[in-house]
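Peer 1: Following the hints, complete the assembly by docking chains B and C onto the known chain A.
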Amino acid sequence: MSTTLSATTMNLPAREFEWKLPTRGRVGMCAVIAAEAAIFTIFVVAYLFYVGKSLSGPMPRDVLSPPIFYTVCLLSSSLTIHFAVKTLRRGNVGHFGAWWLLTITLGVLFLYGTVTEWRRMIYEDGLTINTNLFGTTYYSLVGLHGFHVVAGLVCLSAVMAFTLFGTVKQEHAERLDVLSLYWHFVDAVWIVVFTVVYVIGR
Amino acid sequence: MRSRGSTNWRVVGSQIFVCVCCSAAAFADLAPPLSPTNIFAPASTPAKSIFGLSLFVLVVTGAIFLVVFTLLLYSVVKFRKRKNDDGREPPQVYGSNQVELAWTVIPVLIVVALFMATARVIASLQKTARLDNAIEVIAIGHQFWWEYRYPALGVVTANELHVPISDENQPTPTFIELLSADTDHSFWIPRLAGKTDLIPNHPNSMWIDPHEAGVYLGQCAQYCGTQHAKMLLRVYVQPRADFDRWIQEQRQPAIVGSAVSHGQRVFETTACINCHTVAGTVANGRFGPDLTHLMSRDTIAAGAAKNTPENLRQWILNPDAIKPGSLMPAMQLSDQELDALTAYLETLR
Amino acid sequence: MSTEPIAWPSASAESRTFVDTLHEWVTTVDHKRLGILYIVYALVFLVIGGIEAIVIRIQLIRPHNDFVSPQVFNRMFTMHGTTMIFFVVMPILFGFANYLIPLMIGARDMAFPRLNAFSFWMTAFGGLLLYFSLVGANGLYGAGNAPDVGWFAYAPLTSQTFSPGHSTDFWTLSLLVSGFGSIGTAINIVATVLSMRCPGMTLAKMPLFAWLNLVMAGLVILAVSPLTAAQIMLLVDRYLGGHFFDTQAGGSAVIWMHFFWIFGHPEVYVLVLPAFAFASEIIPVFSRKPIFGYPVMVGATVAIGFISMSVWAHHMFTVGMGSAANTFFVLSTMAIAVPTGIKIFNWLATIWGGKIEFKTPMLFCIAFLFQFLVAGLTGVMLGCAPFDWQLGSSYFVVAHFHYVIVGGILFTLFGAFYYWFPKMSGKMYSETLGKLHFWLFLIGFHLTFDFMHIPGLLGMPRRIYTYEPGRGWDTWNLIVTIGVFFQAAGILVFLGNLVWSYYRGKAAGSDPWDAWTLEWCTNSPPPAYNFSVIPTVKSRRPLWDLKHPDDPDWKYE
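Chains as they are written, first to last, in my numbering: chain A, 6 to 207; chain B, 274 to 622; chain C, 20 to 576.
The following block holds chain A by itself, in its conformation from the complex:
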């Protein structure tokens, strides 16, 4: 069966102008971020709604201490990933690899901080997800964020592996910029979570 267009379509006006649309990767990532933001918003709302409503058990004031150092780590990783992409755009794959590795390290440090904090809260303070409303909402919200950090680190590590194998080139800078959007989002969510949990909720 013939697959050419009917003759009429040949008469469509010829293209005389510049036609630029946003790239589908960027739009797609922004849509993903919107969806994730909506999910986080619900967990934040639940957290704020239940502040002060626990009937018993350890209260935020008793067990929470703001993880300043680890927060600085995570937020700096936004800076380092930005530099990584910038230097890749200029074609410097070596420096890109270094900045990227630094980003991953900072992310892992942040996770380490979360793990040690949780360890202390579970074994020493006796706060678990089923202890009271604070426990349920705290572990869910911070855990959801931590899960997204892990997912981000998996992606970043895959890119690291590709860099070590030499597959990453200057032309991939745009795609890695899109990926870095996700990482920036994870950091932005942490700013919100930190404020809600360690500042407002205490």
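Be aware that a few hints might be false.
[As the list claims (entries may be wrong)] Derived pair list, reagent style DSS-like, types lysine-lysine, alpha-carbon separation capped at 30 Å:
no. : chain 1 : residue 1 : chain 2 : residue 2
1   : C       : Lys224    : C       : Lys566
2   : B       : Lys356    : C       : Lys525
3   : B       : Lys400    : A       : Lys58
4   : A       : Lys25     : A       : Lys174
5   : C       : Lys566    : B       : Lys351
These are computed hints drawn from the structure, not numbers from a lab.
Peer 2: Relative to the frame of chain A, chains B and C by itself:
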């Protein structure tokens, strides 16, 4: 290139027919005898306020319906392709700013009117101050029955709510606080008020001031589990004197004979007392309805069956025959025990 | 060449086995094939959901009926609602969107073809998981283990205390899984519409179908996510001992309602916006005029999208929110009626002055206009909170939302089937059978859903497996049930028409309706790559410009 236009009178006809039927049917049912739960037959101020608002809303939406329906009907008939069509395309009209403005502004005005009318009724019904001589009732929803407490009057009962008539000049409304022991329920007596939900850990309140004596029916209106359908409501509106007498009777503990009957012994030694209370005896369970004055009620199992000895016996023998999925267990009693137990329960007037 | 639905230009001369064909379909990433997979999947569940409705209506045909037990009935209405919304209407709309959007915007495929396939299979798996509940985990004993908590699964009925066993978990997990599929498709639609339009097709020149699906996709992204979040919280409660909705620990049952309806209300706009899209494409073609007020239609759509995120608690007027909250939600609900009404007026103005052809697609869209008008007005009634205190949770609400979903959405969906069937299959459907379907279904719809309003007005709550005689509800329930059989007959005629026409229909050609959007300049069915040359457009109706070179649209727009 196109087929001929066909007449569309049948579309028109069928649409008109069902609309006429619908409206006739709806308004033919205004008289209470045709339905004891008709929202258009209010007998209490909350239901009356809502009825007034609903008439306004129905008139406005009815008018909108008539205008737009007529325009649609007209356009579908007038602008159909005729059999003798010349094959040319009709004038290609892209839009009109004035028309768009008109049919934006007019709906906005209508919406503002509806909103103001509604806001007024919300304020009047939700912000009513509690009167000093109001009757206070606490209604607690259970799966699948209603508990009523009159804290100031010292009465605990179940499933059949009694309230006094409220005189328009000297109102004695009943304020009902709504709580739940388990899942979500909803208290709906259409002729007395709109429905309000009973939600655990979220107390609600409502009020009624019925003007006419009688029995008002309703049922739970929020899905609460297997027997949501048979969690029926009966509200007995009585003249003040009768209401006071009822209160007095309900306050009495159970009439205990000098000898403890065989039936009472069965009641108190099988698991009945785990769930049920009979004031003045050792039975003090809270999971099921208070049975102290069981025989003063017209129905059992929250309206699922009439309160007769046969039904009572059947209920204890096998609740699933009357209300499958209710939380009353079959009591596995022998025939003799059942007879004695039923006879005992029949004494709880 | 063979009569496969999609012509593969590279098909070799040797015949392909059934396994080869199956393999092609299972591994496809072509938006047209995925569209058809979605549509066929949804039609199967339409029949299943319809059978559930028939069971419900037979049980309610008279008071104290014992056709099914209360346990089975409660599962039936839960499954009927869940199935129809998540595994019929959403997939079928995604199917049409997937099929048509690239064709309408002059693209070769969706932005992310593999994500497209992944999303379909996630949705499909969700449906299978839900129905596995009938047989899995004690399913075959005790009348199946299907969820019985209602499609909105209010807490604390869904807690372990009141729903032990796994039926609630089947509900939660199947929707969680298919939710990811929905979000994936939505992301795909947004990226496709924003990044892959052909040259010259600015946002102001793309078909309304693309606009409406764009806003729909935005709503899916913003609204399905809260449901996902709430379901995670429910799982935490049920399996990790959490207290999100545990009223005994100070938790709130009301907050589940807020989270659910923050999803649930935009969800109904997710369902209705594509229906508007179908009407906005079909009505102009069969009136032989362009859509009236294109910019206003776009503006109204965007307004509906925004406002729909602020009306959710009109599903909670009876919950005891306080007069300030109730008043606010009355205001926002009334506000959304304005852009919706504007759309009806614009469709009316499109017909006005036109030359209407009463083909089957147009018959369904005309009925839609009348019926959606009624549905919208009963919605306005329900939006007046005190009126809702009487009408809410009653059969009036059931009648209202079925009027929207069946009378509005399903009717335009039928119109869309008939309109685009020639494009998708290359064959013309039988107009006689199409009209027979229309009349049967119209009569059945009105018998059922017009009269269903009345028991609501007379105090009949929803979700009851039986009712008392003497309440004045008996006759109306009987009439409602009778209507169902007319609708079932209509559906059978419809399915028969599709199958028969696919094999025996006349060749349709590329443009049987003399329409104006880009999909009509491809072959029927379109080749895998859609267009051999990506077109450049200058107006909203590129084919009108080609057919009327002396009077093109771009001079007037």
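Peer 1: Taking the hints in turn, state whether each one holds.
Peer 2: Results of checking the hints against the structure:
1. Distance check on the hinted pair: Lys224(C) and Lys566(C) sit about 18 Å apart at the alpha-carbon level, within 30 Å; holds.
2. Of the supplied pair hints, the one linking Lys356(B) and Lys525(C) holds, its CA atoms being roughly 24 Å apart against a limit of 30 Å.
3. Pair hint Lys400(B) plus Lys58(A) holds up; C-alpha atoms about 27 Å apart against a cutoff of 30 Å.
4. Restraint check: the Cα-Cα separation between Lys25(A) and Lys174(A) comes to about 24 Å, which is no more than 30 Å; the hinted pair holds.
5. Note on Lys566(C) and Lys351(B): the hinted pairing holds, with a Cα-Cα distance of about 27 Å set against a maximum of 30 Å.
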